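Engineer: Guided by the hints, dock chain B onto chain A, whose structure is given.
There are 2 protein chains.
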Amino acid sequence: MVFAESLGLVAGALVTCSMIPQLTRVFKMKSAHEISILFTTLLLLGMLCWLVYGIYLELLPVILWNAIGAVLVTLLMYLKLKYGR
Amino acid sequence: MVFAESLGLVAGALVTCSMIPQLTRVFKMKSAHEISILFTTLLLLGMLCWLVYGIYLELLPVILWNAIGAVLVTLLMYLKLKYGR
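Going down the list, the protein sequences come from chains A and B. Mapping of the first sequence onto numbering that gives the first Met the number 0: position 16 corresponds to residue 15, and the numbering continues sequentially without gaps. Mapping of the second sequence onto numbering that gives the first Met the number 0: position 16 corresponds to residue 15, and the numbering continues sequentially without gaps.
If a hint is listed, it holds; no wrong ones were tucked in.
Here are the in silico distance ranges between beta carbons for each label pair:
(1) A:Ala3 to B:Val70: 17 to 27 Å
(2) B:Glu4 to A:His32: 31 to 41 Å
(3) A:Ala66 to B:Lys29: 31 to 41 Å
(4) A:Lys29 to B:Leu59: 35 to 45 Å
(5) B:Arg84 to A:Ala66: 31 to 41 Å
(6) A:Glu57 to B:Arg84: 41 to 51 Å
(7) B:Tyr82 to A:Tyr77: 23 to 33 Å
(8) B:His32 to A:Leu59: 34 to 44 Å
Below 35 Å or equal to it, Euclidean Cα-Cα: the simulated DSBU-like pairs (lysine-lysine) are:
(9) A:Lys27 to A:Lys81
(10) B:Lys27 to A:Lys29
(11) B:Lys27 to A:Lys27
The set of hints was computed from the structure by calculation and includes no laboratory data. Nothing here was measured: the structure is a model prediction, and the numbers come from that model. We put the CB at the ideal spot given by N, CA and C, even for glycine.
Same shape as in the complex, but just chain A (with noise of 0.2 Å):
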């Protein structure tokens, strides 16, 4: 079980940390008319579920990434409203 919860908590981190230069290179370019808003709406629906799924089964990983990468979805989705116009 060691090797599976530490690849959860490998795959978790790498699929939450991906947003981390996306939001990078939108905030930068100041410009988000290449990112679908129905991207960042089902992504953060998707996020959201998923922590739901994390806090009923009380699995920690699930929740913190989740939680995490609805943040950084949010902020996308911000910019995008802002500079996708």
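Structural biologist: Relative to chain A, chain B alone:
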């Protein structure tokens, strides 16, 4: 467990399907300057880790959604390399 399993299926579907409007947008605009290559790379690695995790623990929804997700992210990476230089 039925509630949790259903929620996991919906969550995975939302996250994976979020890639479809993003792919469509980049493909239609024929431009991917705002997409971060590091975003697609980390996301792909994360999904591949989830895929191995799912295979190891024999979790069919995790295998299914991350296999499809990895294909979609690979496509986005291809479009980034084609249109984002």
